[in-house]
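Here the sequence shown stands for residues 7 to 233, numbered as in the working numbering.
The set of hints was computed from the structure by calculation and includes no laboratory data.
Values in this document were obtained by computation on a predicted structure and should not be read as measured data.
The beta-carbon is built from N, C-alpha and C at its ideal position, and this holds for glycine as well.
Just so you know, not all the hints are guaranteed correct.
What the hints assert, rightly or not - The calculated EDC-like cross-link candidates involving lysine to aspartate or glutamate, where the alpha carbons are at most 16 Å apart (straight line), are:
#  : residue 1 : residue 2
1  : 9         : 110
2  : 147       : 110
3  : 37        : 73
4  : 12        : 35
5  : 219       : 196
6  : 12        : 110
7  : 37        : 63
8  : 83        : 110
9  : 69        : 130
10 : 84        : 63
11 : 126       : 143
12 : 92        : 73
13 : 219       : 40
14 : 92        : 31
15 : 69        : 110
16 : 12        : 31
17 : 201       : 169
18 : 83        : 63
19 : 131       : 110
20 : 9         : 171
21 : 92        : 76
22 : 201       : 177
23 : 9         : 35
24 : 131       : 76
25 : 200       : 171
26 : 219       : 35
27 : 122       : 138
Said to hold, decoys possible - Label pairs and their computed distance ranges (CB to CB):
#  : residue 1 : residue 2 : range
28 : 148       : 18        : 41 to 47 Å
29 : 126       : 87        : 38 to 44 Å
30 : 124       : 228       : 34 to 40 Å
31 : 81        : 169       : 22 to 28 Å
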Amino acid sequence: MIKLDKISKHYQNASGQLIHKVLNDISFEIKKGDSLAIVGPSGCGKSTLLNLIGTLDLPTSGKIIFDSIEISTLDDKKLSALRNQKIGFVFQMHHLLPQLNVLENVLLPAIANSSKKQLKTISEKAIQLLSEVGLEEHLSKFPGQLSGGECQRVAVVRALINEPDIILADEPTGSLDHESAEQIGNLLVDFQSKKNMALVVVTHSLDLANKMKTRYSLLNGQLNQLK
Numbered sequence: 007m008i009k010l011d012k013i014s015k016h017y018q019n020a021s022g023q024l025i026h027k028v029l030n031d032i033s034f035e036i037k038k039g040d041s042l043a044i045v046g047p048s049g050c051g052k053s054t055l056l057n058l059i060g061t062l063d064l065p066t067s068g069k070i071i072f073d074s075i076e077i078s079t080l081d082d083k084k085l086s087a088l089r090n091q092k093i094g095f096v097f098q099m100h101h102l103l104p105q106l107n108v109l110e111n112v113l114l115p116a117i118a119n120s121s122k123k124q125l126k127t128i129s130e131k132a133i134q135l136l137s138e139v140g141l142e143e144h145l146s147k148f149p150g151q152l153s154g155g156e157c158q159r160v161a162v163v164r165a166l167i168n169e170p171d172i173i174l175a176d177e178p179t180g181s182l183d184h185e186s187a188e189q190i191g192n193l194l195v196d197f198q199s200k201k202n203m204a205l206v207v208v209t210h211s212l213d214l215a216n217k218m219k220t221r222y223s224l225l226n227g228q229l230n231q232l233k
């Protein structure tokens with residue numbers, strides 16, 4: 007589904023001088039139904055790699071192919087459509103809009119490409135998903151009225167609402183206590199299995215990493231599979 011072919015990411019200063027090599031000649035594939043974790047020390051480039059997979063950034067060199075399409079050939083409009091329809095994002099901070107209630111936050115990614123009739127169906131699906139994560143009584147509440155773990159569950163449902171092919175999660179349990187972190191980790195794995203999506207998690211948590219089928223270590227710009 008997604009292929010990274012000899013990907014490198016380097017940063018330069020205003021004069022064009024190389025100042026930092028983050029990723030060096032990385033190649034690997036993500037297939038439908040895969041679940042994988044990327045671990046490594048702070049600043050090693052884990053989030054940079056996730057942003058490249060999610061088309062939020064472009065590599066300095068190499069190719070990223072998504073469903074047989076090389077993403078560098080897509081303009082901004084097509085890239086935005088691909089992200090919206092094919093990729094779900096979960097971040098360390100939930101990034102819920104404080105002025106919207108739980109249901110409205112979940113529906114936000116679906117609004118742009120849906121008719122009123124479609125939104126009714128999507129709303130029903132959102133309510134069902136929120137019920138599955140134990141938030142059926144919180145639909146009209148605002149993020150400020152929820153716990154951190156509850157907000158992150160809303161963020162997971164928001165990432166799922168467009169039925170993406172892949173979920174990209176960047177330290178999704180990093181700001182949570184142990185119990186909430188365990189819930190979010192189990193939730194991601196459960197949905198990944200039921201929906202047969204791909205799931206890529208960047209994490210410092212070995213507990214979360216060990217829930218994935220495959221684990222990689224990122225160090226000194228190189229990605230290596232762990233046994």
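Hints and how they fare:
no.: 1; hint: 9 with 110; result: 34 Å, violated
no.: 2; hint: 147 with 110; result: 10 Å, holds
no.: 3; hint: 37 with 73; result: 10 Å, holds
no.: 4; hint: 12 with 35; result: 11 Å, holds
no.: 5; hint: 219 with 196; result: 13 Å, holds
no.: 6; hint: 12 with 110; result: 40 Å, violated
no.: 7; hint: 37 with 63; result: 21 Å, violated
no.: 8; hint: 83 with 110; result: 24 Å, violated
no.: 9; hint: 69 with 130; result: 39 Å, violated
no.: 10; hint: 84 with 63; result: 14 Å, holds
no.: 11; hint: 126 with 143; result: 19 Å, violated
no.: 12; hint: 92 with 73; result: 10 Å, holds
no.: 13; hint: 219 with 40; result: 7 Å, holds
no.: 14; hint: 92 with 31; result: 25 Å, violated
no.: 15; hint: 69 with 110; result: 36 Å, violated
no.: 16; hint: 12 with 31; result: 4 Å, holds
no.: 17; hint: 201 with 169; result: 8 Å, holds
no.: 18; hint: 83 with 63; result: 14 Å, holds
no.: 19; hint: 131 with 110; result: 13 Å, holds
no.: 20; hint: 9 with 171; result: 14 Å, holds
no.: 21; hint: 92 with 76; result: 15 Å, holds
no.: 22; hint: 201 with 177; result: 21 Å, violated
no.: 23; hint: 9 with 35; result: 4 Å, holds
no.: 24; hint: 131 with 76; result: 32 Å, violated
no.: 25; hint: 200 with 171; result: 12 Å, holds
no.: 26; hint: 219 with 35; result: 14 Å, holds
no.: 27; hint: 122 with 138; result: 24 Å, violated
no.: 28; hint: 148 with 18: 41 to 47 Å; result: 43 Å, holds
no.: 29; hint: 126 with 87: 38 to 44 Å; result: 23 Å, violated
no.: 30; hint: 124 with 228: 34 to 40 Å; result: 45 Å, violated
no.: 31; hint: 81 with 169: 22 to 28 Å; result: 24 Å, holds
Hints 1, 6, 7, 8, 9, 11, 14, 15, 22, 24, 27, 29 and 30 from the list above are not met by this structure, while the remaining hints are.
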